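Protein chains: 2
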Amino acid sequence: MIVIKLGGSAGVDVDAVCADVAALAQDRVPLVFVHGGSHATNEVAQALGHPARFVTSPSGYESRLTDRKTLEIFEMVYCGSVNKGIVERLQRAGVDAVGLSGLDGRLWEGKRKKALRAVENGRVRVVRDTWTGTVERVRTGLLTMLLEAGCVPVLSPPGASEDGEAINVDGDRAAAATAAALGADTLLLLSNVPGVLRDKDDPSTLRSEIARDELEAVRDEVGGRMKIKLLGAAEALAGGVKRVVIGDSRGEAPVRRALDGKGTVIA
Amino acid sequence: MIVIKLGGSAGVDVDAVCADVAALAQDRVPLVFVHGGSHATNEVAQALGHPARFVTSPSGYESRLTDRKTLEIFEMVYCGSVNKGIVERLQRAGVDAVGLSGLDGRLWEGKRKKALRAVENGRVRVVRDTWTGTVERVRTGLLTMLLEAGCVPVLSPPGASEDGEAINVDGDRAAAATAAALGADTLLLLSNVPGVLRDKDDPSTLRSEIARDELEAVRDEVGGRMKIKLLGAAEALAGGVKRVVIGDSRGEAPVRRALDGKGTVIA
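Going line by line, the protein sequences match chains A and B.
Residues in the first sequence are numbered consecutively from 0, following numbering that gives the first Met the number 0.
Residues in the second sequence are numbered consecutively from 0, following numbering that gives the first Met the number 0.
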C-alpha cells in the first residue's frame with residue numbers, strides 16, 4: 000500500500016503525477032492519492048476579494064488563516080476544482096477514481112481549534128473564529144471498502160471536527176495519518192522541490208537520506224512548508240510507515256522516481 | 000428507497016431540507032440526496048469575470064452554456080461549495096453523509112455532446128466546445144455499497160463521459176435516472192416553487208396531481224426549469240419509480256410534506 004500526496008504549490012506537475020498514478024493503479028498497486036490546492040486557493044481568494052492570509056505559530060509552523068469565508072473558498076478549490084480535476088485525469092486514463100474530502104464519512108477527524116496563537120512582529124497574539132484542526136483519527140472503513148472494490152480514493156482537505164464541522168487540516172499530515180492508519184509501507188510527499196535541501200535556494204544541496212533519529216534536528220533547520228512535511232514524515236514513521244520519500248512532482252515519471260528513492264528518503 | 004433532489008435556484012431552503020433528511024436518515028430510511036447549484040454558480044461565475052450564459056434548445060429546454068472554463072467554475076460551486084455545505088450540515092446532524100459527483104466512480108455516465116443546437120432570435124445555430132451530456136447509465140455498485148454501510152450519498156453534477164471527461168448533466172434528470180436505477184419508490188424534486196402551477200405567477204393554481212398520461216401535454220404548457228423537471232419525472236416513471244413529487248423546499252418539514260403528497264404528485 001502506497002499513499003501519494005501531491006502538494007498544491009505553484010509549479011507542481013499534476014499531469015505527470017496522475018499519469019504515473021494511473022500506471023500504478025493499472026498494475027493493481029493499492030494506493031491512496033491525497034492532494035493540496037494552496038496556490039489555486041490563493042488565486043481564487045484574491046479574485047473573489049478575500050485574499051489569503053497566513054500565520055506563523057510560536058513553534059514556527061506556517062498555516063492559512065481560515066475564517067469561515069476562507070474555509071468556503073478553500074472547499075471550492077480543493078474539493079471542487081483540484082479534486083475533480085485529478086479524478087477526471089485518472090478517469091480519462093481508465094482508473095476508477097473516487098474523490099472525497101476528509102469531511103465525507105468523517106474520513107479525517109479531529110478537534111476544531113476555534114482560536115490559535117500566532118506570532119506577529121515578534122509578539123504572540125490569539126486569533127479567533129478559525130476553522131482549523133489536526134487529523135487525530137482516520138476512519139479507514141470507507142477507504143478499505145473503496146480499495147477492495149478496485150477504486151483509487153483521491154482525498155482532499157478539509158477534515159471533520161468531532162461535531163461534524165468542516166476544518167482546514169494540513170494535507171501532508173493528513174496523508175501521513177492516512178498512511179499510518181492503512182498500514183502503508185510507503186508515503187510519498189511530492190511537491191515543487193527536489194526534496195529536503197540544506198540550502199533551500201540550491202537544489203544541489205539535496206539531502207538524499209535522513210535517518211529517523213535526525214528528523215527533529217533537521218526540522219529545526221528548515222522553514223516554510225518543509226517544516227510541516229518533516230513533521231508529517233515523523234508522524235508517519237511513528238505510526239508504522241516504513242519509508243517516507245519527499246520528492247519532486249516535476250519531470251518524467253515522478254512517482255516511479257520517488258519510489259526508486261529519488262528525493263529525500265526518510266526511514 | 001427515496002431519492003431527494005434539491006434544486007439550486009435562489010431561495011431554496013437548504014437548512015430545512017437537510018434537517019428533514021437527517022431525521023429520515025436517523026429513522027433508517029434508505030435515501031440518496033441529489034442537489035443543484037445553479038444560482039450560486041451564476042454568482043461565482045460573475046465574480047470571476049466569466050458570467051453565466053444560457054441557451055434554449057429547438058425543443059424548448061433551457062440549459063447552461065458550458066465551455067471548459069464554465070465547467071470548472073461549475074465544479075467548484077457544485078462539488079466544492081454546495082456539496083460540502085450539505086455534507087457538513089448532515090454530518091453536524093449526526094448523519095454519515097458522503098458527497099460525490101457523478102464523475103466519481105463514473106456514477107453518472109453518458110455521452111459528451113461537444114456541440115449543441117440552440118435557438119437565438121428565432122434561428123437555430125450550432126454551439127461548439129460544450130462539456131455537456133445526459134446520464135444514460137447509473138453505476139449503482141458504489142451507491143449500494145455506501146447505502147449498505149449506513150451512509151447517505153450526496154450526489155452532484157457533473158457526470159462522466161464514456162471517455163471519463165467531466166460533463167455538465169441536468170440534476171433533475173440525473174436524480175430521475177438514479178431513482179430508476181436504484182429501484183426507488185419515490186423521487187422528490189424540491190425547489191423554490193410549490194409545485195407545477197397552471198399560472199407560474201399564481202401559487203393558488205397548483206396542480207396537485209398529474210396523471211402519467213397527462214405528463215406530455217403539461218410539459219408542452221410549462222416553461223423554464225419546470226419543463227425539464229417534468230421530463231425527469233416522465234423518465235423516472237418510465238424507469239419504474241412509483242411516484243414523483245414536485246414540491247417546495249421552503250417552510251417547515253419540506254421533505255415530510257412532499258412525502259405526504261404536498262406539491263404536485265405524478266404517478
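Treat the hints with care, since some could be wrong.
One copy or any two copies: either way a pair holds, since identical chains are not told apart in the list.
Below, simulated EDC-like cross-link-like pairs (lysine to aspartate or glutamate); rule was C-alpha separation at most 20 Å, straight line [as the list claims (entries may be wrong)]:
1. LYS68 x ASP14
2. LYS113 x ASP212
3. LYS261 x GLU42
4. LYS68 x GLU42
5. LYS68 x ASP200
6. LYS199 x GLU135
7. LYS110 x ASP95
8. LYS112 x ASP201
Hint data in this document are derived by calculation from the structure and do not stem from the laboratory.
Bear in mind the structure is a predicted one, so any value in this text is a computation, not a measurement.
Starting from the hint list further up, note which numbers the structure goes against and sort them upward.
2, 3, 5, 6 and 8
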